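Take a look at the letters that make up each chain.
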Amino acid sequence: MDAVFQWLTPGVSDAAHRTDVLFFSLLAITAAVAAAIFAVVVVFAIRYRASSTVDRSAPPAQNLPLELAWLAALLVSFLSFFAWAAYDYRDLYRAPADAMPVYVVAKQWMWKLQHANGRREIDELHVPVGQAVRVVMTSQDAIHSFYVPALRLKQDVVPGRYTSIWFRATRAGEYHLLCAEYCGTQHAAMRGRIVVMEPAAFARWLEAGPHEPGLAQRGFELFRQYGCSGCHSTRSAVHAPELAGLFGRTVHLADGRSLVADEAYLRDSILLPKKDVVAGFEPIMPSFAGQIGEEDIQAIVHYIRSTRRE
Amino acid sequence: MTYLGEGYTLRSWLSTHDHKRIALLFAISITAFFFIGGAAAAFMRLELATPAGDLVSDDTYNRLFTAHGVIMVWLFLIPSIPNVLGNFLVPMMIGARDLAFPRLNLASWYVYMAGGILVLGALISGGVDTGWTFYTPFSTMFSDSHVVLTLAGVFVLGVSSIMSGLNFIVTVHTLRAPGMTWFRLPLFVWAIYATSIILVLATPVLGMTLTLVAIERVLGVGIFDPALGGDPLLFQHLFWFYSHPAVYIMLLPAMGVASEIIPCFARKRIFSYRFMAYAIIAIAALGFLVWGHHMFVSGQSAYASIVFSLLSFLVAIPSAVKVFNWTATLYKGRITLSAPMLYAWGFVGLFTIGGITGLYLASLALDVHLTDTYFVIAHFHYIMVGGSVMAYLGGIHFWWPKATGRLYPEMWARVSAVLVFVGFNLTFFPQYLLGYQGMPRRYHAYPAEFTLLNVFSSCGAAVLAIGYLLPLVYLTWSLLRGAAAGDNPWRATGLEWQTPSPPPKHNFEDTPVVEAGPYEYEGART
Ligand code: HEM
Ligand SMILES: [Cu+2]
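Taken in sequence, the protein lines are chains A and B.
The working numbering numbers the first residue of the first sequence as 1 and each following residue consecutively.
The working numbering numbers the first residue of the second sequence as 1001 and each following residue consecutively.
Worth flagging that the hints you see were computed from the coordinates, not collected in a lab.
Treat the hints with caution; some may be incorrect.
[Claimed, not checked] Derived Cβ-Cβ restraints for the label pairs, each shown as a range:
id	chain 1	residue 1	chain 2	residue 2	range
1	A	80	B	1181	32 to 42 Å
2	A	236	B	1059	44 to 54 Å
3	B	1002	A	63	40 to 50 Å
4	A	97	B	1303	41 to 51 Å
5	A	221	B	1124	46 to 56 Å
6	B	1489	A	58	55 to 65 Å
7	B	1121	A	43	27 to 37 Å
8	B	1059	A	290	23 to 33 Å
9	B	1303	A	35	34 to 44 Å
10	A	58	B	1002	35 to 45 Å
11	A	209	B	1228	45 to 55 Å
12	B	1472	A	43	28 to 38 Å
On a predicted model such as this, the values are computed, not experimentally measured, just so you know.
Each residue gets a CB set at the ideal place from its N, CA and C atoms; glycine is no exception.
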């Protein structure tokens, strides 16, 4: 990466290739249209220059059929590109069920990441080739944005909520991880790298180096420590929802809405319990806002996620 | 006696109610701010000539791009064409003796200057580092720079915008000369009218939003900061609800200018006048419905993003109609490529490229990659700087003989039009490539593989700077030495050309009676 110039950052996922195809298709068509317009302007400017004596009789003030044809052509081509791009966009938010979760907390000016087995990283994300990875992110301070040009992927990282994105890298290598949302003094230095490894090498990497008992295990300890289990366990006298196997299920709420339990929902339930009250329960759960750090919340979320209903 | 001869004292200028003199007050002030904002950009381009952050510190760089953005948007682009050319021309174009509220017009200039001084005060006392977008919670909780003073300045500038917008709306409704029906209005007047409606409807939302930011910052009331129970995306929605229409405030007047210059130097009626007028209205109206396209990766609902994407494609249609019609106007014309015409076509060309790349950004999956990179920087500079500033310069040249009674040196003017066009493309085209490579905006240091394109861009900026400085020199020279222009050197048809140059204080001896549309050039009659 020492060159001072490159033509194109290589795309290293299928989604990145799709984005490139969309880009170059748009480029081909719009460049042709722009070139045609410029050519017409130049031809007119020469042909109808003041000193020429060409035929100028009956200049049109309007030409309705021509104008409507231009409108129709614009409408059809714009709608096609809109639909194409919207279709691809939708896929960026539909992670496959087997995606490997990675939790990210951004802060001025670093990326803190944790893997399911408890291994933590700073400003680096190791992932295996060919495996879908789902990144669940939040920020401790300002808004940041998780940007990997080689994946053509970017998602703002917003304090107070989870945002997520997924990808499946198809080529091993090291790629830039950049912060794309201005976040203060060292915004430009908030850079890291994504290291895409062969699966075996990744497995070795994951086991080597410091890691804790495992994110779910730590989450379970926190679950007990903060007293969650006092209410949310089968033996509890308090009428509170059972959490085992909750992740991914449809939840019906007291106000008639329903939603699918994802990471963002679990987080909100811990910090803003009054926001989405489950049907059939009293809103008696206290808020834990300000008491649990973002990384610990992620551990608890991951613990709940990893439980199965007996 | 001409309006210029109505008094030579400073006092006579600072207390004038004449729309033409107020236009010149605005012209001088915005020119000064343009070069201050430009100086900030020059330092940024110098810094970016190498990948390391070696010329200025990161904090300084952040203050530079904030100053650049705030000054260029609110102190230059928004007031530029409306308050200078609009002020000078709208009354004359509709056959009126002045704007509807001459004192309000002067007050608008004083309020503008007050806002400018507040902003400059914030810069001199240490600067602001939030970016011109003031995103929360950074601006409310994390920035320790002069945010509130800057917000106050921008708020005051918004008041000036509203005063001017209101004045134009009332003027166009009530002061049209007999026979000046809506569909005989020059397209420039249509453009200023539509712009004024946006100014009046959107600016209050900006004022309110900035006030909320100040309240959260100073009083700690939770509005946008999630740590206080607020919602940071709410700020983005409110900000872009103003700031997207605001980009049309900067663009529509430029379209109006091009629509005056092109028929004049093609000696032909503008092609499809009514579609041109409808397109202006369509852009102004649809422009209110697309703000969410700045937030495709912000975490807003994917369904909202899809709707905003669709509407963004639709707003491009009236713009494309206009490009088509300007081109068709040339057909069977009698074309002279004089300086204003070169500027006008420079505008059309750069605007076309900027508009087309807007489609790329409106394409959802592509925007995920391109947003917040140099691609966006290139896109909006093509439209706002390439487009609007070129049109503004074109207008300044076109109406210069009217305002001053002097001709500028034609050869130099053509040279500068070409220099600006070439310099602009050298500066900003590489930024499209950088954006697709993945270089984020607002970076004071960057990975090495972006170096070469950044060097091109910085060299282009030097050419562009010369292109912008040249007119300052030869236009000033022409004030003193330029040949007398005569009343209508371009043989143009607008009512403003039927008065002496420079015009007398009240524009018209007798109120003109209008009997035809605005572009009755020779080619229209054969
Ligand atoms: C031809 C129609 C246009 C379309 C479809 C379009 C589309 C877009 C889109 C989708 C974005 C968001 C990019 C992003 O943040 O990722 C954008 C940004 C922007 N556009 Fe346009 N645009 C058009 C015309 C204009 C015009 C006419 C102007 C100004 C006169 C303009 C000025 C801007 C600015 C200032 C930004 C970025 C602001 C910022 O992030 O600081 N656009 N445009
Ligand atoms: Cu950041």
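Do the hints match the structure? See the list:
no.	hint	in the structure
1	80(A) <-> 1181(B): 32 to 42 Å	holds (40 Å)
2	236(A) <-> 1059(B): 44 to 54 Å	holds (53 Å)
3	1002(B) <-> 63(A): 40 to 50 Å	holds (43 Å)
4	97(A) <-> 1303(B): 41 to 51 Å	violated (22 Å)
5	221(A) <-> 1124(B): 46 to 56 Å	holds (55 Å)
6	1489(B) <-> 58(A): 55 to 65 Å	violated (29 Å)
7	1121(B) <-> 43(A): 27 to 37 Å	violated (53 Å)
8	1059(B) <-> 290(A): 23 to 33 Å	holds (30 Å)
9	1303(B) <-> 35(A): 34 to 44 Å	holds (36 Å)
10	58(A) <-> 1002(B): 35 to 45 Å	holds (42 Å)
11	209(A) <-> 1228(B): 45 to 55 Å	violated (38 Å)
12	1472(B) <-> 43(A): 28 to 38 Å	holds (35 Å)
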